[in-house]
Amino acid sequence: MLTQHFPALLVVVPLMAAPLIVFARRSLASWLIALLATAITFGIAASLLAQTMSEGTLVYAMGSWEAPLGIEYRIDAAGAFVAVIVAAMGLIVMPYSRVGIAAEVRSEEHYLYYALMMLCLAGLLGILVTGDAFNVFVFLEVSSLATYVLIAMGRDRRALVAAYQYLLMGTIGATLYVVGVGLLYLETGTLNLADMATRLVDVGDSRGVLAALAFITVGISLKIALFPLHLWLPNAYAYAPSPVSAFLAATATKVSIYVLMRYFFTIFGATEVFDARATGAILLGLSLAAMFIPAVVAIFQHDMKRLLAYSSVSQIGYITLGISLDSVEGLMASAMHLFNHALTKGGLFLVLGGVVLRCGGAGFDRLAGLGHTMPVAAFAMVVGGLSLIGVPGTAGFISKWYLVSAAMHDGQWWLVGAVLASSLLAVIYVWRFVEVAYFRAPPADHPAPGEAPLSMQLPALAMIAGCVYFGIDATWSSEVSMRVAEVLMYNPGVGQ
Amino acid sequence: MRLDIILRVLAKLLIPFALVFGLYVQFHGDYGPGGGFQAGVIVAAAVIFYALIYGLPAARRVVPTEVVQTLMAVGVLLYSGVGIASILLGGNYLDYFVLGADPVSGQHRGIFWVEMGVLITVASVMLKIFYVFAGRRRDAEETEE
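Protein sequences, first through last, are from chains B and P. Heads up, the first sequence stops at 785 in my numbering, and the numbers go up one at a time, no gaps. Heads up, the second sequence stops at 161 in my numbering, and the numbers go up one at a time, no gaps.
In short, the hints are calculated from the structure, not lab data. Heads up, the beta-carbon is just placed ideally off N, CA and C, and yes, glycines get one too. Some hints could be false.
[To be verified] Reference excerpt, derived from the structure (chain P facing chain B, CB under 7 Å, subset only):
hint	residue
1	Tyr40
2	Val92
3	Ala101
4	Leu105
5	Gly106
6	Leu110
[Claimed, not checked] Derived coverage of chain P by chain B (criterion: at least 3 residues anywhere in the stretch with Cβ under 8 Å from a Cβ of chain B; other residues may be distant):
hint	region
7	80-91
8	141-147
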């Protein structure tokens, strides 16, 4: 049966699509290969999620060498959940890319764009599926290197600087991570994550383990763009080609958050991280700072892409806030917001990509009067904005509701006020768009746009419709998030 | 350019040996130090040496840029193709045991093709990097004309 090879094929399919695209060279052919590969990958990810939900952890021995001797792939509901988000986003971005990149990437470089997207996808999925600490680093680099080049493909020359900035910060982050892994290897003598978790219990409280925890936390936080380490993100999202911004906003930081959750809860065990150390308090402080400071910065932006980017940094604060609560409820809220925010922000960037194509930029001077010139896109932006705020009936509301109830469950009532106050800041920055789009006259030299082409509009509207759908019927998302939280918290499969 | 005749003759003498040494490192990788990465670097170094002595256009005539770029993809595909072959033969991904009649010959065959993929990709990536850097000013002038 092919099903048993799905953990490996999840990575292999996009990985093999990349060289095939390089052979194809022609824009249309490479697009077709990429589309087919993402569709297959999404099917595999969905099937893995269904399997892990019903059967628990799946283990796959690479080259039939059993762990800990060989490298194993190990995927459970938590990994499969994020894999579905990543693969789905890939599948949505591909049909969009055909027209989406035509204006932003030179035609002879189209095949490189598709090949790099495939490599990025393979890297992100590899992080989720592997059961080996060093493998995580390798896949982190595969996806990051592809990302740097994708960002640099942006039409604006500042994209090069943004990519370089991200390259520096990303490399520092990856280096810190690998130093942490090295220390853990020194302490435990294994790189297999499950094995490491069981051996760490015996190693106990050594300075090496503590240093490893610090290195890994800071390294991965750089990749997450957790508040004071977020400086690379706004430029990277603002100057990358639109489909790339959408794909990264929905996937790259989310995968890194998954890695952080894995290390905090599965590897180190929550007691070590949260009870014996001040990690929880530090993470809580940083999350609160992330919820407020970047949100205020977002209010003062004059470019919609940058505004959304700062909003992303702010929304990441909600996810890490859930982690810092160290409870099943908190983790569930985090997993929920991971999904809902990917949906919302991915959708918003996709809509914005169509707008940029028609208006020639995302600056507020270009977007003025959008409500009249592109009514559908403007309305979709508003709906997505409502989901960012967390208005009832949108996906953002559901995750904030769970976050607030997790805080109350913990007895931390003041956090409820903090979440509400931060949502008010979101109201202000979303309102800035509403004001520009509906209460300003279009610029005199406006190129009379009309709506974006259908191939871009449909995927974007599907995502925005998803925001509303998962805001009204959260059965599936809450059920899966609950399972993810339980898997992370109670570590089934470790020590068996 | 009469004075570099010693260099040209020596290069012609050395390059074949460099290439053979690359193959030795490649195939001896099963038993001793070596393998696809090291061999790939040596093979690429031989071509880069040729380019340094005889000029970049000459090297590009021998190993054209398009060939280099295709080979970069061929190596990756060869490596991952071995994994797919193992799956088709009933093993796990990259399971070499199923590739031969007995486990030892299977392991030999598997690692041979995987390392071949590594050699091809490493050598062509090295060359590509060299071509891009060495051709920077030259290519820019050509596009301006």
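Quick rundown of the hints versus the structure:
1. At a threshold of 7 Å, the smallest CB-CB gap from Tyr40/P to chain B is about 26 Å, leaving the interface hint violated.
2. The beta carbon of Val92/P is positioned within 7 Å of a beta carbon in chain B (closest approach about 5 Å), and the interface hint is therefore held.
3. Violation of the interface hint for Ala101/P is found here, the shortest Cβ-Cβ separation to chain B being roughly 12 Å, above the 7 Å cut-off.
4. The criterion of a C-beta within 7 Å of any C-beta in chain B is not met by Leu105/P, whose closest approach is roughly 12 Å, and the hint is violated.
5. Proximity of Gly106/P to chain B is violated relative to the hint, the smallest CB-CB distance being about 11 Å (cut-off 7 Å).
6. At about 4 Å, the closest approach between the beta carbon of Leu110/P and any beta carbon in chain B falls short of 7 Å, and the interface hint on this residue holds.
7. Closer than 8 Å: that is the beta-carbon criterion, and the region 80-91 of chain P has 5 residues meeting it against chain B, so the requirement of 3 holds.
8. With 0 residues having a beta carbon nearer than 8 Å to a beta carbon of chain B, the region 141-147 of chain P misses the requirement of three or more and the stated coverage is violated.
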